[in-house]
Each structure stands twice: as structure tokens, then as C-alpha cells.
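Let the sequences and hints guide you as you build the complete structure.
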Amino acid sequence: MTELKTQPNFNAGHRERLRERFLKSTIGTLQDYEILEMFLFSCYPRRDTKALAKELLRKFGSIHGVLNAEPSSLLTIKGIGANTACMLKLLEDIISRVVIPNKKNFDVLSNWSAVLGYCRTTMGYKSIEVFRVLYLNRNNLLLCDEVIQEGTLDRVAVYPREILKTCLNMGASAIILVHNHPSGDPRASSDDISMTKHIIKTLEPLNISVHDHLIVSHDCIFSFKNVGLL
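Just so you know, we're using our numbering here: the sequence shown kicks off at 1 and counts up by one.
Take these hints with a grain of salt, some might be off.
[To be verified] SDA-like cross-link-like pairs, simulated, lysine to any residue; straight-line CA separation at most 25 Å:
(1) Lys225 / Phe131
(2) Lys59 / Phe41
(3) Lys59 / Gly79
(4) Lys197 / Glu162
(5) Lys126 / Ile193
(6) Lys78 / Lys89
(7) Lys225 / Asn140
(8) Lys165 / Ser183
(9) Lys59 / Ile94
(10) Lys50 / Gly79
(11) Lys50 / Phe22
(12) Lys89 / Gln31
(13) Lys197 / Phe224
(14) Lys89 / Val130
(15) Lys165 / Glu146
(16) Lys59 / Thr29
(17) Lys50 / Asn83
(18) Lys78 / Tyr33
(19) Lys201 / His218
(20) Lys50 / Gln31
(21) Lys50 / Ile35
(22) Lys126 / Gly65
(23) Lys201 / Arg155
(24) Lys50 / Glu16
(25) Lys126 / Cys220
(26) Lys59 / Cys86
(27) Lys78 / Arg15
(28) Lys201 / Ser189
(29) Lys78 / His14
(30) Lys126 / Ser223
Read the hints as simulated data drawn from the structure, not as lab findings.
This is the structure in C-alpha cells:
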């Protein structure tokens, strides 16, 4: 999709007023469309970005939804080009690094709420199923955070032997499985349970533990461990 062409800046006064409101207000005061509108200022120096911000929210439901949207989906919005899609994905990456500032050697089990927040931020609003694995050492420090597969709206293929191979390469002693349910219902399906058992069975002979399997939606997280499935 081609970027919107720039026009004479008739909106400079509005932009300046919005910036002043933002700088003088507390966090959370501005509406979501105003936050997106301001972010888009840098992408469109001379264009009214309010309508574009509102269209992004209408299409993807929330700021989280916009940031979690695939670049190909962002490009379907009239006026969103490759540069703007890249900037939005860059912002998603920045936020994920703020949630867990130093993922390398991060103590996962001692900072569980941060882990849950990170999973919701990076996966809760995805439009397709994504499967990631957190690989831990014997002290439960994070060795690697890897998205191992992306699927469709309601399924993703996972290969336990590939997880085992990475565990061996990383020297991991334990893992945490994470995937999302774009439907919004985080409850484990029979396929989810069967797949988890298969992964446990594959890792068990080498004493590699599965600490938990988290299923993420936009407003909650289902834990296999908490409900007794692990």
C-alpha cells in the first residue's frame, strides 16, 4: 500500500495543542486514538492523522491490536505504507523490551508477573496462533525466548523434537510453553493437552522439565500448572 502523499500543513496548530495536552497530562489521560494520532505525526509530518488513527483502532480493536497486527494486515489500511508499518512493529518491539528489560539471564520464576505481562503484550492480540518457548537453565534464568511456529486463526503445528534439539543446543534444563488463542477463549483444547503431553514425554528422558504451558488471550492467561494439567 502506498503512503499517503503529504499536503501543506494546515494542522500545525492542532498538533501543537495536542502535544501540549499530552505533556501537561498524566499517563492515560489522552484517548487511544489521540495517542496513535500523535505517534503517526512522525510518519506524516503534514497530514491530519486523526482519521487514520481511528481507522486503525476500528480495524484492530485497540492499541494492543494495532501493535500486534501483522505488517501485511497493516498494509491493507488505506494510507499505511511500508514505513509506517515498520514504525508500528518497531514500537511493539520496544514495548516488549521495556516489559522485560534484559531478557538474557532474566530470573523467570522470581518475576512471574513480568513474564505474564510480556506474554500478553507480545501475543495477546495476534490474529493468528503463535507458539513460543522460553528456555531456562538449571537456575531458571532465561537462556532464550524463541517463536518456533506461526499458524492460522485456530491452530499451529509444533514439533517436539525441534524443541528438544534447541534444549540440547542451549543447555536448557527446563522450558515454558506459550501460545495464544486469537478467538479470545484461553481454555486448553484437547489438542493443546495432547500436544503438551507429547512434548513432556519427548523431554522427560533427558530430565528437561516443562514448568508450565500458558495460553494467552487479550484479557487473560490460562495456566496448565494452575489448573492441575501439569
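Structure-based check of each hint:
no.: 1; hint: Lys225 / Phe131; in the structure: holds, 18 Å
no.: 2; hint: Lys59 / Phe41; in the structure: holds, 20 Å
no.: 3; hint: Lys59 / Gly79; in the structure: holds, 13 Å
no.: 4; hint: Lys197 / Glu162; in the structure: holds, 15 Å
no.: 5; hint: Lys126 / Ile193; in the structure: holds, 21 Å
no.: 6; hint: Lys78 / Lys89; in the structure: holds, 18 Å
no.: 7; hint: Lys225 / Asn140; in the structure: holds, 16 Å
no.: 8; hint: Lys165 / Ser183; in the structure: violated, 31 Å
no.: 9; hint: Lys59 / Ile94; in the structure: holds, 23 Å
no.: 10; hint: Lys50 / Gly79; in the structure: holds, 12 Å
no.: 11; hint: Lys50 / Phe22; in the structure: holds, 15 Å
no.: 12; hint: Lys89 / Gln31; in the structure: holds, 21 Å
no.: 13; hint: Lys197 / Phe224; in the structure: holds, 11 Å
no.: 14; hint: Lys89 / Val130; in the structure: holds, 16 Å
no.: 15; hint: Lys165 / Glu146; in the structure: holds, 13 Å
no.: 16; hint: Lys59 / Thr29; in the structure: holds, 23 Å
no.: 17; hint: Lys50 / Asn83; in the structure: holds, 18 Å
no.: 18; hint: Lys78 / Tyr33; in the structure: holds, 17 Å
no.: 19; hint: Lys201 / His218; in the structure: violated, 30 Å
no.: 20; hint: Lys50 / Gln31; in the structure: holds, 11 Å
no.: 21; hint: Lys50 / Ile35; in the structure: holds, 10 Å
no.: 22; hint: Lys126 / Gly65; in the structure: holds, 7 Å
no.: 23; hint: Lys201 / Arg155; in the structure: holds, 21 Å
no.: 24; hint: Lys50 / Glu16; in the structure: holds, 14 Å
no.: 25; hint: Lys126 / Cys220; in the structure: holds, 14 Å
no.: 26; hint: Lys59 / Cys86; in the structure: holds, 18 Å
no.: 27; hint: Lys78 / Arg15; in the structure: holds, 22 Å
no.: 28; hint: Lys201 / Ser189; in the structure: holds, 19 Å
no.: 29; hint: Lys78 / His14; in the structure: holds, 23 Å
no.: 30; hint: Lys126 / Ser223; in the structure: holds, 19 Å
The structure fails to meet hints 8, 19 from the earlier list, while all remaining hints are met.
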